[in-house]
Structures are given as structure tokens and as C-alpha cells.
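Using the sequences and the hints, build the whole thing.
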Amino acid sequence: MLEEGQEGIVVDIAPALRGSQPKPGFWNSFGRRFGWGRFRWGWRRRAGWGAVKRLADLGILAGVRIRVVRKAPFGGPIEVEVGGSRFMIGRGLAERILVEVGSRGD
Amino acid sequence: MGISRGAVEKIQPDIRIALAGQANVGKSVIFNQLTGLHQHIANWPGTTVEKAEGTLFYKGFLIDVVDLPGIYSLTHFSLEEKISREYIARERPDVVVNVVDATTLERHLIFTLQLLELERPLILVLNMMDLAEKYGLEINAKALEEILGVPVVETVATRGKGISKILDRAIEISRGGYRPKTLRYGKEVEERIKRLQSALAGIDVSYPRRWVAIKLLEKDEEIRRIVGERDPRVLELSDKLIRELEEIHGHDSSIVIAYERAGLASQIARGVVKLGAPRRKSIGERFDELATHPVLGYLLALIILIGIFFLIFGFGGYVAEFFEEDLSDFVREVWISSLGESALSEVGWSAVEGLLFLLGLAIPYILPLYFVTFLLENWGYLARISFLMDSLMHKAGVHGKAIIPLILGFGCNVPACLASRVMDTWRERLLTMLMATLIPCSAVTVVVMGLVGRYLGLIWVAALYAFTLLMVIAIGAAASRILPGEAVELIMEMPSYKNPNLRVILTMTWFRLREYFVVAGPLIIITGVVIKALEILDLLPIISSALAPLTARWLGLPSEVGVILLFGILRKELILAVLASLMGTLDFSEVLTANQMITLSLVTIFYIPCIATISTLVKESGLKNAAAITAFEIGLAILIGGVASRLLLLLGIA
Numbered sequence: 002m003l004e005e006g007q008e009g010i011v012v013d014i015a016p017a018l019r020g021s022q023p024k025p026g027f028w029n030s031f032g033r034r035f036g037w038g039r040f041r042w043g044w045r046r047r048a049g050w051g052a053v054k055r056l057a058d059l060g061i062l063a064g065v066r067i068r069v070v071r072k073a074p075f076g077g078p079i080e081v082e083v084g085g086s087r088f089m090i091g092r093g094l095a096e097r098i099l100v101e102v103g104s105r106g107d
Numbered sequence: 041m042g043i044s045r046g047a048v049e050k051i052q053p054d055i056r057i058a059l060a061g062q063a064n065v066g067k068s069v070i071f072n073q074l075t076g077l078h079q080h081i082a083n084w085p086g087t088t089v090e091k092a093e094g095t096l097f098y099k100g101f102l103i104d105v106v107d108l109p110g111i112y113s114l115t116h117f118s119l120e121e122k123i124s125r126e127y128i129a130r131e132r133p134d135v136v137v138n139v140v141d142a143t144t145l146e147r148h149l150i151f152t153l154q155l156l157e158l159e160r161p162l163i164l165v166l167n168m169m170d171l172a173e174k175y176g177l178e179i180n181a182k183a184l185e186e187i188l189g190v191p192v193v194e195t196v197a198t199r200g201k202g203i204s205k206i207l208d209r210a211i212e213i214s215r216g217g218y219r220p221k222t223l224r225y226g227k228e229v230e231e232r233i234k235r236l237q238s239a240l241a242g243i244d245v246s247y248p249r250r251w252v253a254i255k256l257l258e259k260d261e262e263i264r265r266i267v268g269e270r271d272p273r274v275l276e277l278s279d280k281l282i283r284e285l286e287e288i289h290g291h292d293s294s295i296v297i298a299y300e301r302a303g304l305a306s307q308i309a310r311g312v313v314k315l316g317a318p319r320r321k322s323i324g325e326r327f328d329e330l331a332t333h334p335v336l337g338y339l340l341a342l343i344i345l346i347g348i349f350f351l352i353f354g355f356g357g358y359v360a361e362f363f364e365e366d367l368s369d370f371v372r373e374v375w376i377s378s379l380g381e382s383a384l385s386e387v388g389w390s391a392v393e394g395l396l397f398l399l400g401l402a403i404p405y406i407l408p409l410y411f412v413t414f415l416l417e418n419w420g421y422l423a424r425i426s427f428l429m430d431s432l433m434h435k436a437g438v439h440g441k442a443i444i445p446l447i448l449g450f451g452c453n454v455p456a457c458l459a460s461r462v463m464d465t466w467r468e469r470l471l472t473m474l475m476a477t478l479i480p481c482s483a484v485t486v487v488v489m490g491l492v493g494r495y496l497g498l499i500w501v502a503a504l505y506a507f508t509l510l511m512v513i514a515i516g517a518a519a520s521r522i523l524p525g526e527a528v529e530l531i532m533e534m535p536s537y538k539n540p541n542l543r544v545i546l547t548m549t550w551f552r553l554r555e556y557f558v559v560a561g562p563l564i565i566i567t568g569v570v571i572k573a574l575e576i577l578d579l580l581p582i583i584s585s586a587l588a589p590l591t592a593r594w595l596g597l598p599s600e601v602g603v604i605l606l607f608g609i610l611r612k613e614l615i616l617a618v619l620a621s622l623m624g625t626l627d628f629s630e631v632l633t634a635n636q637m638i639t640l641s642l643v644t645i646f647y648i649p650c651i652a653t654i655s656t657l658v659k660e661s662g663l664k665n666a667a668a669i670t671a672f673e674i675g676l677a678i679l680i681g682g683v684a685s686r687l688l689l690l691l692g693i694a
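So the sequence lines, in the order shown, correspond to chains A and B. Using this note's numbering, the letters of the first sequence correspond one by one to residues 2 to 107. Using this note's numbering, the letters of the second sequence correspond one by one to residues 41 to 694.
It is worth saying that the hints were derived from the structure and are not from the lab. Any given hint might turn out to be false.
[What the hints assert, rightly or not] Restraint-style ranges between C-beta atoms, simulated for each label pair:
hint, chain 1, residue 1, chain 2, residue 2, range
1, A, V102, B, G354, 50 to 56 Å
2, A, E101, B, K227, 25 to 31 Å
3, A, E101, B, G354, 51 to 57 Å
4, A, E82, B, D271, 44 to 50 Å
5, A, E82, B, L432, 23 to 29 Å
6, B, L432, A, V12, 28 to 34 Å
7, A, E101, B, E325, 50 to 56 Å
8, A, E101, B, F350, 49 to 55 Å
9, B, I343, A, Q7, 27 to 33 Å
10, B, I343, A, E82, 34 to 40 Å
11, B, I403, A, E101, 53 to 59 Å
12, A, R66, B, P334, 39 to 45 Å
13, A, V102, B, K664, 48 to 54 Å
Each residue gets a CB set at the ideal place from its N, CA and C atoms; glycine is no exception.
Laid out in C-alpha cells, this is it:
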């Protein structure tokens with residue numbers, strides 16, 4: 002993660018992993034056969050693109066220059082600057098923004 | 041400016057304008073400049089999202105203006121977004137006015153492109169042109185007009201510059217013959233849009249077909265449902281196309297489209313904006329270093345929050361006293377001398393008392409509350425508090441801004457519920473309101489101090505409060521897990537500081553105060569009258585004995601408490617007064633044991649919010665949610681009271 006005042010180019014933003022989905026497999030097909038349609042056995046992580054989409058709508062996406070303005074205390078959100086606008090982004094999400102460190106303040 | 045206003049609401053307007061734009065672009069300033077005092081604040085049908093509407097006369101046209109909620113996108117993410125896109129697509133306003141911040145044109149263009157897809161006549165308003173000039177930005181409005189095919193108007197809304205030009209252009213394009221350009225995406229996406237569009241040709245959807253095709257590729261659930269009902273084969277085709285897109289790009293198709301749009305916006309912006317000298321560190325930025333400082337920032341926040349607290353409850357206390365004592369005594373004398381003392385006049389008097397109570401609530405407390413929160417929001421400081429408090433408030437399942445309503449809750453739950461408006465999503469608003477109504481307000485404090493504080497000592501009061509706050513956090517955390525919808529990750533704009541526009545803030549305050557009267561007033565007055573009638577008809581003992589199993593058996597309290605709690609619904613301060621008059625003594629240690637005092641205090645803290653709070657909840661969250669919160673809190677109070685009474689017995693406190 003970038004330090005305060007550092008900037009770089011966004012390379013990628015990883016989607017969140019969320020929720021379990023029934024995994025195809027013996028116990029699940031077994032469950033389904035007996036009408037337990039919602040029977041969940043095992044986990045398969047599904048990608049959540051919602052936050053990535055919301056960031057893109059704000060102009061925070063791969064290829065743009067991003068600067069970390071400051072970080073909130075106690076593991077709070079990160080303030081970033083993109084294209085002259087400033088946003089605060091929750092730390093969990095901010096950590097999924099992959100940045101290539103560029104030159105400082107050009 | 042040549043604008044005259046009129047509140048003629050029955051007549052069909054000549055032109056209907058919808059204001060759309062992101063938060064912090066000065067949209068509400070423009071709305072207030074346009075409509076002045078001819079506004080009508082209500083909720084969007086079936087929701088509690090605020091709808092501001094106003095009318096004006098301009099050059100012989102009656103123009104109706106609707107201020108759509110401030111949103112960042114037109115997806116299906118939040119209720120505000122859904123409302124906005126449904127309004128534009130189905131109600132089909134004659135002109136959509138898209139207000140953008142000229143200093144950050146590129147990012148706002150992403151939203152503009154989404155609006156263009158809805159194919160309504162559009163005007164692009166570049167607001168804050170003064171700031172753009174200060175930052176050395178040159179925007180070629182003519183070129184932008186060419187590219188987008190829509191009129192572009194430059195404004196400085198805070199100084200009223202360019203406002204009449206918006207109206208001129210609106211009249212012009214509402215006469216028809218207007219056609220915005222269709223902006224094309226990259227080849228891979230565009231091809232698939234075309235294929236879906238032609239597949240949609242035979243289907244009747246009430247939206248533009250190209251827009252539906254794009255939304256299908258974005259996997260918009262609502263549109264998928266609508267199309268699926270009409271022709272499932274189109275859905276199959278779109279699934280196939282989505283898979284193709286995802287294989288090419290390796291991203292979710294909604295991201296592919298979002299990136300295409302952002303790319304297009306960036307390309308347009310680069311063509312029309314010329315960057316000047318880089319901006320210097322502004323005063324706002326220096327202040328920000330203080331406002332978000334790990335130590336000084338919290339100190340400043342504390343000072344401001346305490347300041348607000350004392351402003352509202354200090355100032356409010358004086359004014360409320362006037363309404364409830366001096367004015368009330370005076371009106372009471374007039375009432376008695378003109379109507380005499382009879383059962384009927386007593387019932388009538390309770391209605392007057394309710395009205396005075398409402399005034400005593402609205403003018404000293406709610407008015408300054410609205411004013412201060414609008415001021416802080418308009419100025420931009422609320423976002424900083426959110427930034428600092430976020431990790432703290434996260435433990436209770438909400439974002440940082442919730443600290444404001446929660447602190448106000450210690451004074452009175454009513455402004456606390458109203459202040460929950462600062463929360464961004466509906467889910468968080470509800471959570472904050474639930475927690476705020478559990479915070480012991482000043483009236484509850486009077487009861488707790490008068491019973492536990494006076495007879496058992498302050499240590500017990502502190503223990504009760506610590507327990508209550510833990511419960512509030514625990515309930516918040518639990519409810520945030522139970523409530524549908526996931527806790528969204530914080531993505532919030534950090535607006536630059538602006539000089540608060542007093543006129544706008546005052547108009548906003550006034551119209552919301554007026555709406556408060558309309559919604560909360562009847563409920564408060566009717567409840568007062570009903571309880572008075574019960575008293576006069578001598579039905580109170582019956583209620584007491586009906587509640588006895590609960591109050592006497594489960595809670596171990598004197599059976600008269602049933603009536604006392606009933607009066608507490610009106611106002612919790614009444615609990616001590618009614619207790620004294622029913623028990624016939626002011627020394628409560630004669631009639632209540634230590635155990636009973638603590639139990640009664642706990643029940644007072646948690647049970648039913650008072651009627652003023654309930655009516656505020658109805659206004660802010662709808663009848664169903666208000667009923668659910670009230671029922672939950674009654675259950676909680678009964679549970680906690682009963683368990684506490686037994687636990688205390690085990691500890692040897694009888």
C-alpha cells in the first residue's frame with residue numbers, strides 16, 4: 002500500500018470475494034435429489050464486482066493516476082485523489098486497488 | 041433575472057425539468073435559485089427518499105422543477121438511483137438538467153453519458169465556473185456542445201450567474217426538434233449492443249432500446265427481469281454475449297462497460313479542457329490537515345459536537361421552557377376562563393397542550409438541528425467527521441457519520457432520528473435510527489437520576505449507562521448482520537470546503553420544518569387526546585390490571601406502573617410526576633425497593649420511544665419500520681427488565 006503523499010498508476014482492482022455458493026459435488030446432488038434445493042455443502046467463493054463498478058463510475062479505474070492524501074487513524078478509510086477529486090475509501094477496499102508506483106509529484 | 045414565481049400546482053405545467061447530478065455539485069443551490077419559496081418537500085411515492093419539487097414562471101411559461109436525489113450512477117445500486125432512472129425513463133420530463141462540477145469535468149461526464157443513454161432532452165450545466173477559472177482550467181463549451189449534441193451552460197450558482205440561461209435553453213429544446221448524439225463505445229461492445237438492440241425490436245419495453253441493451257450487458261437485475269418476462273430468448277442471447285465479452289476482457293461485463301464509459305468520458309474531457317497552472321494549497325487544504333489530524337482532528341470534532349449539543353439543548357431549553365410553562369400557563373388560563381372546567385374542555389385542552397408541546401419541540405430543538413446539520417453538510421465538514429470516526433463506528437455496523445445522530449440522541453431522540461438523514465444508504469439510516477432511539481435522552485436521564493441517582497448513588501447510574509451503551513453497540517452490530525443488504529464498503533466523496541450559502545440553508549430548513557409539523561403533529565396531538573379521554577373515562581385502573589401480569593409478575597413492579605408507562609409514551613419526563621401522584625408521595629424510597637428502581641429505570645431507558653420520537657420515525661422510515669422498531673424496543677425493555685430484576689435478586693438486591 003502506498004504511503005501518504007505517494008502516487009502511482011492503478012493497475013487493477015480486485016473484486017471482493019463473497020458468500021458461499023453450492024459447490025457441485027456428491028453431497029449437493031444428493032441433497033438436491035431429496036428436494037433440499039438450498040442445501041449448501043462446501044464453499045465456493047463468488048466474486049463481487051459491485052465495489053469495482055462503483056469506483057469505475059467515479060473515475061477510479063485501471064490506468065488512472067491515484068494519490069494517497071492521508072490515512073484515517075485506527076485503520077479507518079484512506080483519502081485518495083483522482084483527477085482532481087478526492088474520495089475516502091474503506092481500507093478493505095483500498096487494499097484491493099493494485100497500484101504501480103510512479104514518480105512523485107510530477 | 042426576470043423570474044417570477046407562483047405556486048400554482050393544479051395547472052398542468054408547460055415544461056417539466058428534472059435536475060440530475062452527483063452530490064456536492066451545487067444542485068440544491070440551483071434548485072433553490074430557480075424555485076425560491078415555491079417548493080414542496082415530500083417523499084417519493086412508497087419510499088422515504090426526499091422529493092423536492094417547485095414551480096416558477098419564466099417568460100410566460102409555467103415551469104415545474106424536480107430535484108432528483110444526488111447520485112453517482114444510474115445502476116440499481118441504491119434506492120436513490122432507482123428513483124432517478126425510473127423518473128427520467130417513465131415520467132419523461134421535458135428537459136433533464138445535468139449539473140456538473142466544472143473543476144472535475146471528466147469524472148462527471150461518466151454520469152452525463154449514462155443520462156444521455158436515457159435519451160431525454162438534456163442540458164449540461166457546468167457549475168462552479170469561478171473555481172474552474174481560479175484553478176486555471178479552460179473549458180471549451182462550444183466544442184463540448186458539438187461532441188455531445190446538447191446545450192452546455194456555464195454557471196456560478198452561488199452568485200446566481202447563468203441561472204436564467206438554463207431556463208432559456210430549456211424552453212428552446214423543449215419545443216422539440218432536438219436530438220442528442222448517440223455516443224459510440226468500442227467495437228466489441230458496440231457490436232453486441234447492436235445485436236441485442238435488434239433482438240429487442242419486437243418487445244415492448246418502456247425504456248429506450250439501446251439503453252435496455254446496455255443494461256442487459258451490465259447485468260442489471262431489474263432490466264433482466266423485465267426483459268425475461270417478455271422474451272426469455274433475449275436473455276439467453278445476452279448471457280451468451282456477456283460470456284463472450286468476459287472472455288475477451290477477463291473482467292465482469294458490467295466492469296467492461298463501466299471502463300468503456302470512463303474511457304469515453306476521459307477522451308471527451310481531454311478534447312475540451314485545457315489545464316492551466318497547477319493549483320496552490322488552498323486554505324481549505326490547510327484546514328483539512330487540522331480537521332483530519334489524528335489528535336487535533338478528534339479534538340476539533342469533539343469541540344464542534346459539544347458545541348452543537350449545547351447550542352441545541354442549551355438554547356432549546358430556554359425556549360422550550362417558555363412554550364411549556366409561561367405560554368402554556370397563559371393559554372390554559374384563557375382556555376379555562378372561556379370554556380370553563382368540564383370533561384369536554386379537558387379533552388380539548390389536551391389537544392392544545394399537544395400543539396404547544398409540538399411547538400416547544402420544533403422551534404427550540406428541531407429548527408436549530410436542521411440548520412446546523414445543513415450548515416455542516418453544505419460547508420463540507422460532515423465528510424471529515426465521517427473520515428475520522430469511521431473505524432470506530434464500524435464496530436456498530438455503520439459508517440462514521442452516525443456519530444452525529446447518536447450524540448444528539450443524548451439530548452433528544454427526535455433530532456437524532458432526523459439527523460440520521462446524513463447517512464448515505466437507506467439501510468444505514470435505519471440502523472442509525474434504531475440505535476439513536478435506544479440512546480437515553482435527557483428526559484430519560486431525569487427519570488434515572490431521580491430514582492437511581494438520588495436513592496442508590498451515581499455509581500449505579502454510571503453502571504446503567506455503560507450497560508445501555510454496550511447494548512446499543514451490540515444491537516447495532518447484530519442488526520447490521522440481520523438487515524438485508526450487505527454492508528457496503530465506504531466509497532464517499534471528500535468534498536472541498538465551500539462557503540455555506542445561508543439563503544439555501546434557511547430555505548431548506550424552513551421547508552423541512554414545515555413538513556415535520558404536517559407529519560408528526562397529528563400523531564402527537566391525537567395520542568394526547570386519547571390518553572386524556574382514558575383518564576376522564578376512568579379506564580386507567582382497568583389498563584393497570586390488564587398489564588399487571590407483565591408489570592407485577594414478570595417485572596416485579598407495583599401494578600400502578602402500567603399506567604405510568606402509558607403516560608411515559610407521551611413524554612418520558614412524566615414518569616416521575618405520575619409515579620408521585622399515583623403513589624401519593626415524593627419520597628420514592630418509601631414505595632419502591634432498590635431492585636424496583638433499577639428495573640423501572642431500565643424499562644424506561646429501553647421501552648417504546650416517546651410519541652414524538654415514534655412520529656418522527658414514521659416520517660423518516662415509514663409506518664412499517666417505525667412499528668417494527670417500537671415493538672422491538674418494548675420487547676427488549678420487558679426482557680431486560682425482567683432478567684435484570686431476577687439477576688439483582690440473585691446478587692442480594694431486593
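Hint numbers contradicted by this structure | 7, 10 and 12
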